[in-house]
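K.L.:
Sequence:
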Amino acid sequence: MQHNNTIKDRHGSRLKICLVILRTFTAKDLQPVKILLNPENRASGRPRMKTVIVVHGGAWAIPDLLAEASMAGVKNAAWAGDAVLKNGGSAIDAVEKAVRSLEDDPTFDAGHGAVLNVDGEVELDSIIMDGETLATGAVASVRNIANPVSLARAVMEKTDHVILTDRGASMFAERIGIPVADDLVTDLERKDWEQSSSYPVGVGKLFNTQWGHDTVGAVALDSLGNVACATSTGGIRNKMVGRVGDSPIIGSGGYADNRSGAVSCTGHGESILKVTLARLILFHMEQGKSATAAAEASLQYMGERVKGCGGAIVVSSTGDWAASFTTPRMAWASIKEDVLHCGLNPKEDFTQMLK
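The sequence shown begins at 1163 in our numbering and counts up by one.
No lab work stands behind these hints, which were simulated from the structure alone. From a predicted model like this one, the values you see are computed outputs, not experimental measurements. Careful: at least some of the hints might be erroneous.
Unchecked claim - Keeping only pairs whose Cα atoms sit at most 25 Å apart, straight-line, the calculated SDA-like set for lysine to any residue is:
| # | residue 1 | residue 2 |
| --- | --- | --- |
| 1 | 1212 | 1490 |
| 2 | 1212 | 1512 |
| 3 | 1509 | 1490 |
| 4 | 1509 | 1468 |
| 5 | 1498 | 1245 |
| 6 | 1248 | 1502 |
| 7 | 1248 | 1210 |
| 8 | 1436 | 1406 |
| 9 | 1212 | 1385 |
| 10 | 1469 | 1458 |
| 11 | 1248 | 1266 |
| 12 | 1212 | 1482 |
| 13 | 1451 | 1482 |
| 14 | 1212 | 1387 |
| 15 | 1436 | 1297 |
| 16 | 1498 | 1420 |
| 17 | 1517 | 1211 |
| 18 | 1436 | 1467 |
| 19 | 1248 | 1306 |
| 20 | 1517 | 1490 |
| 21 | 1212 | 1503 |
| 22 | 1212 | 1241 |
| 23 | 1498 | 1454 |
| 24 | 1469 | 1402 |
| 25 | 1451 | 1412 |
| 26 | 1469 | 1445 |
| 27 | 1248 | 1499 |
| 28 | 1451 | 1406 |
| 29 | 1248 | 1385 |
| 30 | 1498 | 1294 |
| 31 | 1212 | 1266 |
| 32 | 1248 | 1511 |
| 33 | 1451 | 1469 |
Using the sequences and the hints, build the whole thing.
P.N.:
What follows is the structure, encoded as structure tokens:
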């Protein structure tokens, strides 16, 4: 007590002021801080966003024979993803649902209907990414898995890793009970593989570099403002066994970050890898470009820098979206506020009211 009295005598007024300030701060401001840090309060206090889903069926020289089926496929995938969002589902659920729809459609180079490698076998790659947490899962060179996007999500949610490949991915799929598909090779792909196997090496290289391939993908914005992306592919026809393209590589085949947006890419994988196309598009958006301007600038850079063609779908964290490509065609579709947009040829944008 004497020690306290001594302090009070020498510094009493200053000490009292400090104690009053400290007590006032903790009493008035501690509780509001707790409220701000409470995830439930934070989520419930967010304004509800207008949901967006955008899908693509691959950027390449889509022949007229596949044009109608490609358009139908991307519209079906957009409807599937939009249904998830309308029912309050998350962006990650929506992109998985949309991509599964495309993987199940033999029109596209993903899952059932994927192109064949030099040995006449299917090897599949996929990525999925959650823009809220940056959680990512990917698989590469997997065989006999009908929906690699779901296996990629399992990698994200059930392991400490980002990517599993080939035998390791197959062992993981077996362990968690993902069914094996007996035969993903379609008659059309077998016929195309047999024909392309006889092409000169230079012809095949030109086709794969300039025309791209029909990778599939989706991006979404949910009502809570979270974005996500997913991409899936069988790669390029007659690729070397074990070849991995851009699709399962974070920042190249896809990227999602709530701070900017989500991207799914398609085209010549080696070119996309060299410029990390998905992340490049988001970088341009972070510098103030719109989704369309960012995608177009990045695709132009890829063409000028490495002579690569491709496409991308984009959604920003505010709901701005784009579908851009430098190949002859890309099948794409989007749904926002009950309006379906879709296209196949450059500058094409058909609209349909869903209500």
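K.L.:
Which numbered conditions among the earlier hints are violated in the structure presented, ordered from lowest to highest?
P.N.:
1, 19, 20, 28, 31
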